[in-house]
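Trainee: For reference, the chains in residue letters:
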Amino acid sequence: MIAINQIHKSYVTGQNSLHVLKGIDLQIEAGEMISIMGASGSGKSTLLNILGILDNFDSGAYYLNGLKIDRLTERKAAQLRNKMLGFVFQSFNLVSFKNAMENVALPLYYQDVPRKKRNMIAMEYLERMGLKEWAHHLPNELSGGQKQRIAIARALIGKPKVILADEPTGALDSATSLEVMDLLHEINATGITIIIVTHEHDIAKRTGKTIRITDGNITEIILN
Amino acid sequence: MFEIDKWQEIYSTIRKNKLRTFLTGFSVAWGIFMLIILLGSGSGLENGVKEQFKGGANNGVWISSGQTSLKYKGLKTGRQIKFTNEDYKSIKKTIDGYDRISARLFLGNKLISYKNEYGSFFLSPCHPDYGFIKEVDMVQGRFLNTIDIKEFRKVAVIGEKVKAALFKGADTSAMGKYVKINGVIFQVVGIFRDYSRNDDEQKRVYIPITTAQRVFQGENVINQISFTTGDASEDEADLMINKSKALLAKMHTFDIDDNRAIFVWNKNEEVRKFKALFSGIRLFIWIIGIGTIIAGIVGVSNIMMIVVKERTKEIGIRKSLGATPWSIVALIMQEAIAITSFAGYIGLVLGVGLLELIAKNVPPSEFFRNPEADFSVALMATLLLILAGATAGFFPAMKAAKVKPVEALRDE
Numbered sequence: 001m002i003a004i005n006q007i008h009k010s011y012v013t014g015q016n017s018l019h020v021l022k023g024i025d026l027q028i029e030a031g032e033m034i035s036i037m038g039a040s041g042s043g044k045s046t047l048l049n050i051l052g053i054l055d056n057f058d059s060g061a062y063y064l065n066g067l068k069i070d071r072l073t074e075r076k077a078a079q080l081r082n083k084m085l086g087f088v089f090q091s092f093n094l095v096s097f098k099n100a101m102e103n104v105a106l107p108l109y110y111q112d113v114p115r116k117k118r119n120m121i122a123m124e125y126l127e128r129m130g131l132k133e134w135a136h137h138l139p140n141e142l143s144g145g146q147k148q149r150i151a152i153a154r155a156l157i158g159k160p161k162v163i164l165a166d167e168p169t170g171a172l173d174s175a176t177s178l179e180v181m182d183l184l185h186e187i188n189a190t191g192i193t194i195i196i197v198t199h200e201h202d203i204a205k206r207t208g209k210t211i212r213i214t215d216g217n218i219t220e221i222i223l224n
Numbered sequence: 225m226f227e228i229d230k231w232q233e234i235y236s237t238i239r240k241n242k243l244r245t246f247l248t249g250f251s252v253a254w255g256i257f258m259l260i261i262l263l264g265s266g267s268g269l270e271n272g273v274k275e276q277f278k279g280g281a282n283n284g285v286w287i288s289s290g291q292t293s294l295k296y297k298g299l300k301t302g303r304q305i306k307f308t309n310e311d312y313k314s315i316k317k318t319i320d321g322y323d324r325i326s327a328r329l330f331l332g333n334k335l336i337s338y339k340n341e342y343g344s345f346f347l348s349p350c351h352p353d354y355g356f357i358k359e360v361d362m363v364q365g366r367f368l369n370t371i372d373i374k375e376f377r378k379v380a381v382i383g384e385k386v387k388a389a390l391f392k393g394a395d396t397s398a399m400g401k402y403v404k405i406n407g408v409i410f411q412v413v414g415i416f417r418d419y420s421r422n423d424d425e426q427k428r429v430y431i432p433i434t435t436a437q438r439v440f441q442g443e444n445v446i447n448q449i450s451f452t453t454g455d456a457s458e459d460e461a462d463l464m465i466n467k468s469k470a471l472l473a474k475m476h477t478f479d480i481d482d483n484r485a486i487f488v489w490n491k492n493e494e495v496r497k498f499k500a501l502f503s504g505i506r507l508f509i510w511i512i513g514i515g516t517i518i519a520g521i522v523g524v525s526n527i528m529m530i531v532v533k534e535r536t537k538e539i540g541i542r543k544s545l546g547a548t549p550w551s552i553v554a555l556i557m558q559e560a561i562a563i564t565s566f567a568g569y570i571g572l573v574l575g576v577g578l579l580e581l582i583a584k585n586v587p588p589s590e591f592f593r594n595p596e597a598d599f600s601v602a603l604m605a606t607l608l609l610i611l612a613g614a615t616a617g618f619f620p621a622m623k624a625a626k627v628k629p630v631e632a633l634r635d636e
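Chains as they are written, first to last, in our numbering: chain G, 1 to 224; chain H, 225 to 636.
Chain H with its partners taken away, still in its complex shape (with noise of 0.2 Å):
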């Protein structure tokens, strides 16, 4: 299969039709690069937008409260709920399976000073299990811990801007330095990082839901409740989230199938919808890419069945020399696989170059990072190319084994 004889033959019949093989082997590179360029586009896609959803573990529920828009036990609709303390506590103690819970309070843009300097940030009244359902990554210090709600501690967690606002110059160190939040004093006690873009988590302040009750609202209100589901499967997820809506909708009497009472934001339904997506939409590449590379193949068969013909009377003089049938086939098969493989691979190379030069110079956008095609899609590709060529040499090869010596011999 691999003599040198065979190669040669073949680098002879290309070369004396140069033209005819670049136009052939370009319709397959081209295919191939189209698959890779739509790949790595893909992957692109989905780097960006699973950029997005980075932030919050992936089995996270949040539970807010809303208004009610059905009418129930002769309540009417419109009806704020308000979550309370009892409402994370019955909910800590009724569900099983949770990994991690916690409440929060929205108290929205607070004014945060450090000596002269100020801003409007987000304060995030949470319980320390909010630290883990958020993924909150800590660059220094610490998150809030359970005495600092016991005690009701003054104390803050500030995302990297925050600390860039409040600490330059020579204050550059903002660990154990006290801030005024709307006039209370809070000791920083840890500095966070937060990788989404959203420029409101990136400037949040994260303080003890104990004490920002008693400091800044007087009352037991929280506003969301959101807990991890641990390794629970997807119907036991759901089982948690259906036992807590009912138990919200016992505490605050309201519709179980209202869905403006409480929303419920699933994020692990939300990452397999996303997942779900973006396998339709690589099996939708895969059959572009793959439908172009058909286009490719017929090119090759086309023309290796215009070599086959041209090429009648040489097979009918190795066939009287002594060449089976078998020998002939292989023959032009191996030529049509060398001029694919070949062809392709250029395209390949072509392909994940260009995927590498957009990947270094165009910025990472908010739906756009990263594209790839990784070793895997390189080796199918590869596996997708010979399994091409072999496609297209096939019917001109046989049309070749057919051909009998005496009528190719013949035309003179």
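Chain G extracted, bound-state conformation (with noise of 0.2 Å):
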């Protein structure tokens, strides 16, 4: 599904070169359930952004789902987010002036899907979450494990190959960071791959693999 070779990574400040990523080799089969473990200025986030397109990378190769991603325009880069990638953040990332139903519904809206199929779609993706009754609050008005199972619906709407979290629980307490694993397992389940980075050893446990990175390379590859 994923296949990065030699991928580096600057970023220049100034006069200052910070080299990040010094040649991140990495294979992820499709259905896998993989964690990104490091400390904080390790390249873990980075690493993320380049595998979720946010982010373009110095020199290397990578390869989602066959398709070589370089130089890609904005707008191509923009289509193949919508059509293979779903994000999970620490912090939600809702919109805040819009409602649980049509956050969830947001990346329908960049696939044209007309404004009621759209809103239905969403309301049995809420369902599944558990949050049908939810569906017309904001954000504000919602807890943090609500949130996050809103943003992991939205996630999912778009049918995406792969599922990017970045530190999904972070914000969340430990009970209810246990309902958001239980989720991502159920969805791993259905064969889209997960790749989380964390700095949470009890979540990196539950993922099948975890890879450690030092300084910007993989230390460690840890079979769970």
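These are calculated hints, taken from the structure and not from any lab test. Any given hint could turn out to be false.
[Unchecked claim] In silico contact screen, one side only, chain H against chain G (beta carbon under 10 Å); selected entries:
no., residue
1, D229
2, Q232
3, K334
4, L335
[As the list claims (entries may be wrong)] When the alpha-carbon atoms are kept at most 25 Å apart in a straight line, the in silico DSS-like pairs for lysine-lysine are as follows:
no., chain 1, residue 1, chain 2, residue 2
5, H, K628, G, K68
6, H, K313, G, K76
7, G, K159, H, K537
8, H, K230, G, K83
9, H, K374, G, K76
10, G, K98, H, K374
11, G, K98, H, K537
12, G, K117, H, K374
13, H, K374, G, K22
14, H, K628, G, K161
15, G, K83, H, K240
16, G, K83, H, K537
17, G, K68, H, K230
18, H, K628, G, K98
19, H, K313, H, K230
Every value quoted in this text rests on a predicted model; they were computed, and no experiment measured them. Virtual Cβ for every residue (Gly too), placed ideally from N, Cα, C.
Make one complex out of these two single chains by using the hints.
Mentor: What follows is the structure, given as structure tokens:
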């Protein structure tokens, strides 16, 4: 599903150049659930951003579902994100003035799905998350767990091949974290590849494989 | 483009920032309001001046006699030039292309009476064609005709005000009645209306020039020759005027360059001058109006910049969910166009409303009447508004489209 070879990435600020990723090689098969661990500044978020085509890289090669990702136009990248990828963030990143249903339906808006139809589909996903009665609430009226489940529903609605989760439990208490992880497991069971960036061992242990990154290099791959 | 979601989004952002949106919209509304008021006032001024030009064909030329101011062929300056019937006849014979021609005699105000009513009115002896040259509007009866001239008839065409002054009470009909002009009896054959606000012109009495010469003067002197140039071009009209001047200069032995010996008033030229003046004024008004609107646009643009900045994160989220740069541009542009169009429309309505109010309640004066903003102006303003909105939204939208999702999502 995902293959990256010798990915390098530097951030240049003025005269300083920060070499963040120093030649990452990684193969992720379809249907895998893996976690990426590392200290802050190790480059794990940068790697996730590159995988999510949110950021570009300096050298190396990236194949997503057999397609070479290299110097894409913004438009093409947007379409790929829309069709192939789903994102789950630590801070949920829901649109504050849209209600739960509209937030979930947003990816379908960019697929030109008519309003009625996409709201119907969004309601189905909310029902699966057990949040049907919260559909017309704004994000600030919801708890953290509810927000994250809405974010997951939004990530799923475009029927992505891969879900990229950046510290999905970082802002949640441990009970809610467990629920979210259960949910991600269920999603993984339907064949969707899941990549989670985390710094919590408990979370990492519940994935099939943990990749540890230190100073821009993969230092360890642990099979859980 | 007109999907309900986008309008909802625009509505919700506007609702979140009511004061800001109001202030932004106000600057645009004010700009359009000012433009409409300025244009309306311009048209009011123009209508007022046009009114001054009423009464008299636009292609009329009036030539009056004066005093020489240049020495010529041994003759002194200060000689009085006296036109005679001969001048009228030779101009009529020599000049090609005129449409109507008339001579006039200036006799000043004369005492005119009917039974016990009397008044002093301006007597204007002329040829029948003068009715066309002056665009005399007949209310009743007829203007002078050629038989009146040939047979020295004692007939008079009187203004409505003259009629009102002389025919009072039960005797309201003036047609066919006999009035005394300086003791000589004339029959009223027509009543006319004059639209100019000049009192003299409304209190005028036209009589055949031949009759006047015989009855009041006893010679063949005339004071003014006037003609219309038909559908001659400006150059052709100028040629006609120059030929007339040359002819008169020869007949009366004065320097053709002496511009005090005779006076030429070419209405077409005056109209042209005023048209040029008003197109200048209109241009000036548009420049000021557009300047005001530009100030509004800059305001909207500024606000949209802040909106984009505030919504950076949201734009990042949208991009991560698959929003293309174009869809972001469309979102911001649409919001800018919506704000400017709506606010501008309010300004337009208020401006037109105020003009209507002025038109209804302010009595027309000599230089101002019927301020109006016509449909084409409103259409222009609407197009300008949409253009303004697009301009205001363009730069913020481009900035929004350049937002990188990573950077937008990073600031937490």
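Trainee: Would you mind marking each hint as holding or not holding in the structure?
Mentor: Results of checking the hints against the structure:
{"no.": "1", "hint": "D229", "in the structure": "holds (6 Å)"}
{"no.": "2", "hint": "Q232", "in the structure": "holds (9 Å)"}
{"no.": "3", "hint": "K334", "in the structure": "violated (85 Å)"}
{"no.": "4", "hint": "L335", "in the structure": "violated (87 Å)"}
{"no.": "5", "hint": "H:K628 with G:K68", "in the structure": "holds (21 Å)"}
{"no.": "6", "hint": "H:K313 with G:K76", "in the structure": "violated (89 Å)"}
{"no.": "7", "hint": "G:K159 with H:K537", "in the structure": "holds (24 Å)"}
{"no.": "8", "hint": "H:K230 with G:K83", "in the structure": "holds (22 Å)"}
{"no.": "9", "hint": "H:K374 with G:K76", "in the structure": "violated (95 Å)"}
{"no.": "10", "hint": "G:K98 with H:K374", "in the structure": "violated (93 Å)"}
{"no.": "11", "hint": "G:K98 with H:K537", "in the structure": "holds (14 Å)"}
{"no.": "12", "hint": "G:K117 with H:K374", "in the structure": "violated (93 Å)"}
{"no.": "13", "hint": "H:K374 with G:K22", "in the structure": "violated (116 Å)"}
{"no.": "14", "hint": "H:K628 with G:K161", "in the structure": "holds (23 Å)"}
{"no.": "15", "hint": "G:K83 with H:K240", "in the structure": "violated (32 Å)"}
{"no.": "16", "hint": "G:K83 with H:K537", "in the structure": "holds (21 Å)"}
{"no.": "17", "hint": "G:K68 with H:K230", "in the structure": "violated (34 Å)"}
{"no.": "18", "hint": "H:K628 with G:K98", "in the structure": "holds (22 Å)"}
{"no.": "19", "hint": "H:K313 with H:K230", "in the structure": "violated (80 Å)"}
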